[in-house]
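*Asks:* Sequence:
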Amino acid sequence: MTEKKKKNTKPEINILDKINADDGLAILKMLAKEDTSLLKRIEDAALEYFSEVEVEDIADEVFYELDSLEVEDVWDQSGSTRYGYVDPNEKAWEMLEDAIESYLVELKKYQELEMEEEAKKYCMGILKGIYKFEKESKNEFKDWATDAPGDNFERVFDKWKERCTNPNDIKEMKEFVKKNFP
Numbered sequence: 001m002t003e004k005k006k007k008n009t010k011p012e013i014n015i016l017d018k019i020n021a022d023d024g025l026a027i028l029k030m031l032a033k034e035d036t037s038l039l040k041r042i043e044d045a046a047l048e049y050f051s052e053v054e055v056e057d058i059a060d061e062v063f064y065e066l067d068s069l070e071v072e073d074v075w076d077q078s079g080s081t082r083y084g085y086v087d088p089n090e091k092a093w094e095m096l097e098d099a100i101e102s103y104l105v106e107l108k109k110y111q112e113l114e115m116e117e118e119a120k121k122y123c124m125g126i127l128k129g130i131y132k133f134e135k136e137s138k139n140e141f142k143d144w145a146t147d148a149p150g151d152n153f154e155r156v157f158d159k160w161k162e163r164c165t166n167p168n169d170i171k172e173m174k175e176f177v178k179k180n181f182p
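If you read the sequence shown in this note's numbering, its first letter stands for residue 1, the second for the next number, and so on.
A hint or two may mislead.
[As the list claims (entries may be wrong)] Pairwise CB distance ranges, derived in the manner of DEER restraints:
1) D22 x E70: 23 to 33 Å
2) S80 x S51: 25 to 35 Å
3) D87 x M30: 43 to 53 Å
4) L113 x F176: 19 to 29 Å
5) F176 x T146: 23 to 33 Å
6) F50 x E162: 37 to 47 Å
[Said to hold, decoys possible] Pairs of lysine to aspartate or glutamate residues, derived as EDC-like cross-links and limited to a Cα-Cα distance of at most 20 Å, are as follows:
7) K91 x D143
8) K161 x E101
9) K161 x E118
10) K159 x D143
11) K171 x E117
12) K121 x E61
13) K33 x D17
14) K171 x E114
15) K161 x D151
16) K132 x E56
17) K109 x E48
18) K121 x E106
19) K161 x E114
20) K159 x E117
21) K161 x E175
22) K33 x D44
23) K109 x D67
24) K135 x D22
25) K108 x E162
26) K178 x E117
27) K159 x E112
28) K109 x E72
29) K138 x E65
30) K132 x E162
31) K142 x E61
32) K179 x D23
33) K174 x D158
34) K91 x E116
35) K109 x D44
36) K142 x E72
37) K91 x E114
38) K135 x D147
39) K135 x E162
40) K29 x D60
These are computed hints drawn from the structure, not numbers from a lab.
Each residue gets a CB set at the ideal place from its N, CA and C atoms; glycine is no exception.
With the sequences and hints as input, model every part of the structure.
*Replies:* Take a look at the structure:
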């Protein structure tokens, strides 16, 4: 009797499902370094991906991120500690600033890529989200950082403006602010 070869019955592994973000970036850079035409395709795809900025989507993201800040975290991370006293209002302020920081990093990326229109829209979205949080949120966290939304609104606007090179964009943004945020 002849012996049949056993087929490999193990399921095939999709390696793409196993690549994390850091691995993916390293692999992408390696491939781009080896092939300049691929580098151009990657750059074009990235610019196309980055160009999809919707003001309302950004505003919703910012609002929900700020609205998800927990007052319990303020209480847990403030008061007397072994290192001294942490004021709850200062902690709430810091938490709100930290939540906005990732959006400022993204805004800066658009400006460094000279994607002025996208940067302007992204900034508009951040401002709308902060304003919506300040005016509409029922989150108790907001009571501990009463001036933080307004001050961070100004901080975001100023950061955008200091890197903006187009006077018409600055004028348009000022009109947008005046019209939408009385």
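*Asks:* Are the hints correct? Go through all of them and say.
*Replies:* Checked hints:
{"no.": "1", "hint": "D22 x E70: 23 to 33 Å", "in the structure": "29 Å, holds"}
{"no.": "2", "hint": "S80 x S51: 25 to 35 Å", "in the structure": "50 Å, violated"}
{"no.": "3", "hint": "D87 x M30: 43 to 53 Å", "in the structure": "48 Å, holds"}
{"no.": "4", "hint": "L113 x F176: 19 to 29 Å", "in the structure": "22 Å, holds"}
{"no.": "5", "hint": "F176 x T146: 23 to 33 Å", "in the structure": "25 Å, holds"}
{"no.": "6", "hint": "F50 x E162: 37 to 47 Å", "in the structure": "21 Å, violated"}
{"no.": "7", "hint": "K91 x D143", "in the structure": "12 Å, holds"}
{"no.": "8", "hint": "K161 x E101", "in the structure": "16 Å, holds"}
{"no.": "9", "hint": "K161 x E118", "in the structure": "14 Å, holds"}
{"no.": "10", "hint": "K159 x D143", "in the structure": "26 Å, violated"}
{"no.": "11", "hint": "K171 x E117", "in the structure": "13 Å, holds"}
{"no.": "12", "hint": "K121 x E61", "in the structure": "14 Å, holds"}
{"no.": "13", "hint": "K33 x D17", "in the structure": "23 Å, violated"}
{"no.": "14", "hint": "K171 x E114", "in the structure": "18 Å, holds"}
{"no.": "15", "hint": "K161 x D151", "in the structure": "15 Å, holds"}
{"no.": "16", "hint": "K132 x E56", "in the structure": "11 Å, holds"}
{"no.": "17", "hint": "K109 x E48", "in the structure": "14 Å, holds"}
{"no.": "18", "hint": "K121 x E106", "in the structure": "12 Å, holds"}
{"no.": "19", "hint": "K161 x E114", "in the structure": "14 Å, holds"}
{"no.": "20", "hint": "K159 x E117", "in the structure": "15 Å, holds"}
{"no.": "21", "hint": "K161 x E175", "in the structure": "13 Å, holds"}
{"no.": "22", "hint": "K33 x D44", "in the structure": "15 Å, holds"}
{"no.": "23", "hint": "K109 x D67", "in the structure": "25 Å, violated"}
{"no.": "24", "hint": "K135 x D22", "in the structure": "38 Å, violated"}
{"no.": "25", "hint": "K108 x E162", "in the structure": "11 Å, holds"}
{"no.": "26", "hint": "K178 x E117", "in the structure": "19 Å, holds"}
{"no.": "27", "hint": "K159 x E112", "in the structure": "13 Å, holds"}
{"no.": "28", "hint": "K109 x E72", "in the structure": "33 Å, violated"}
{"no.": "29", "hint": "K138 x E65", "in the structure": "14 Å, holds"}
{"no.": "30", "hint": "K132 x E162", "in the structure": "24 Å, violated"}
{"no.": "31", "hint": "K142 x E61", "in the structure": "17 Å, holds"}
{"no.": "32", "hint": "K179 x D23", "in the structure": "45 Å, violated"}
{"no.": "33", "hint": "K174 x D158", "in the structure": "11 Å, holds"}
{"no.": "34", "hint": "K91 x E116", "in the structure": "34 Å, violated"}
{"no.": "35", "hint": "K109 x D44", "in the structure": "16 Å, holds"}
{"no.": "36", "hint": "K142 x E72", "in the structure": "12 Å, holds"}
{"no.": "37", "hint": "K91 x E114", "in the structure": "35 Å, violated"}
{"no.": "38", "hint": "K135 x D147", "in the structure": "12 Å, holds"}
{"no.": "39", "hint": "K135 x E162", "in the structure": "27 Å, violated"}
{"no.": "40", "hint": "K29 x D60", "in the structure": "33 Å, violated"}
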